[in-house]
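2 protein chains.
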Amino acid sequence: MSSSAPWKQLLLNSINTNSHLKHSTYFQLATVGSNGRPSNRTVVFRGFQDGTDKIQINTDSRSCKLCIVLRTDDGLLESVQIEDLKHCPFAEVCWYFTETWEQFRIHGRVDMIDASNSDPDKLKQREAAWFAGSVRSRLQYLGPTPGLPSLDEQPLNDSLDSSAGPVDAFCLLLLDPEQVDYLNLKRNERLAFTTARSVNGENFWTQNKVNP
Amino acid sequence: MSSSAPWKQLLLNSINTNSHLKHSTYFQLATVGSNGRPSNRTVVFRGFQDGTDKIQINTDSRSCKLCIVLRTDDGLLESVQIEDLKHCPFAEVCWYFTETWEQFRIHGRVDMIDASNSDPDKLKQREAAWFAGSVRSRLQYLGPTPGLPSLDEQPLNDSLDSSAGPVDAFCLLLLDPEQVDYLNLKRNERLAFTTARSVNGENFWTQNKVNP
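Chains as they are written, first to last, in numbering that gives the first Met the number 0: chain L, 0 to 211; chain V, 0 to 211.
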């Protein structure tokens, strides 16, 4: 038993070893819709929240009151039904590293931090996440509403004051891992990490070697 | 409206263009557990069922009565809780092509075909899927039960009569697409394909350009 997350260094190593591949920071995020069905989309790893094991993802909460959109600096933007996370606040990351043949499945609860959040600390985190992205990536939150029928030749908003804070559409997701399944295909090795919460709210992790 | 699936040629093109990359046949499959939470794992595309748009995936139904395990020729094998598909027979594929920057999200119902299936035609499909895999990949279904604690130095079963039919553990999954979301990041284009079933049970597809 350990209070630090034993899978975190494994993941940091994989991120580092695969960092020459642009897509190595992309993973797939599964959620459950209000209809009880699964959803799955590619999103971008935005790092760990400082001093924690929580995984950061940037999203766009605009549009049709049903969609959150996940964006990258390159325009990758996938809708997470906001109803998904209201209906079921859990998500599972599946992160496959194509060069080292490693897979991390990371299951946890998701905290959504949008402009309406009442916690000043969380709003600060959201602001930091906004400024951590490029101006180009911020501009996407001013573009046409994702998922709606596309009108050709829509004027693109191409200017944004780089010192301006997050727009309403910008939302930060924080995934707090509870279970991690690590698979190494080259070594044919699999590890199962599970957590239990102690009375003081701290996570304790256990680690088991299981059959791949 | 069209009775043939307009997304299928797009997908076949992407598979073809990316075929020099080993991982281009891997995608992430999301399901919903009996606890209502999402699961997500990497699996291998085993082609379309002949004459249909149904996506084939091979699985291992052994073990702990709770797991189906998805395997590749390289040993990639991830557990789908069999309870997942009993609880909710729907799944969503997220398939990202790392070279062409294209993403397909494919949502549909999953048919599980294991040894206990009562339909002779489906059992024939299962047999064909078994023989379509390499002998090496078939051997995995005789290995240690996936997900159980690993005992070091377990003897590996390394011989199998290549003419022997599917073992009990072998299960074929058929995903029948209902909705497909296509995103092309290089062209910044997104298409939404949806299906409706006509009275004769045939699928009709509609296609819409939507904001990425």
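Hints are supplied without guarantee of correctness; some may be wrong.
Straight-line distance between alpha carbons at most 30 angstroms, and here's what the computed DSSO-like set of lysine-lysine pairs gives [to be verified]:
#1 L/185 <-> V/21
#2 V/21 <-> L/85
#3 V/7 <-> L/21
#4 L/7 <-> V/7
#5 V/208 <-> L/21
#6 L/123 <-> L/185
#7 V/7 <-> L/123
#8 V/185 <-> L/21
#9 L/208 <-> V/7
#10 V/121 <-> L/21
#11 V/208 <-> L/208
For the record, the hints were derived by calculation from the structure and aren't laboratory data.
Results for each hint:
1. A C-alpha spacing of about 14 angstroms is found between residue 185 of chain L and residue 21 of chain V, which places the hinted pair at or below 30 angstroms, so the restraint holds.
2. Only pairs whose Cα atoms come within 30 angstroms are accepted, and residue 21 of chain V paired with residue 85 of chain L is rejected, the gap being roughly 37 angstroms.
3. For the suggested pair residue 7 of chain V and residue 21 of chain L, the alpha carbons sit about 27 angstroms apart, so the restraint of at most 30 angstroms is met.
4. For the proposed pair residue 7 of chain L and residue 7 of chain V, the alpha carbon gap of about 39 angstroms is over 30 angstroms, so the pair is violated.
5. A threshold of 30 angstroms between alpha carbons decides the hint, and for residue 208 of chain V with residue 21 of chain L the separation of about 27 angstroms falls inside it, so the pair holds.
6. About 42 angstroms separates the Cα atoms of residue 123 of chain L and residue 185 of chain L, which puts this hinted pair outside 30 angstroms; it is violated.
7. For a cut-off of 30 angstroms, the pair hint linking residue 7 of chain V to residue 123 of chain L is broken: about 45 angstroms separates their Cα positions.
8. For the proposed pair residue 185 of chain V and residue 21 of chain L, the alpha carbon gap of about 14 angstroms is at most 30 angstroms, so the pair holds.
9. Distance restraint check for residue 208 of chain L and residue 7 of chain V: the Cα-Cα separation of roughly 40 angstroms exceeds the 30 angstroms cut-off, and the hinted pair is therefore not satisfied.
10. For the given pair, residue 121 of chain V sits about 41 angstroms from residue 21 of chain L by alpha-carbon distance, which is inconsistent with the 30 angstroms threshold.
11. For the proposed pair residue 208 of chain V and residue 208 of chain L, the alpha carbon gap of about 47 angstroms is over 30 angstroms, so the pair is violated.
Violation of the numbered hints given earlier is confined to hints 2, 4, 6, 7, 9, 10 and 11; the remaining hints are satisfied by the structure.
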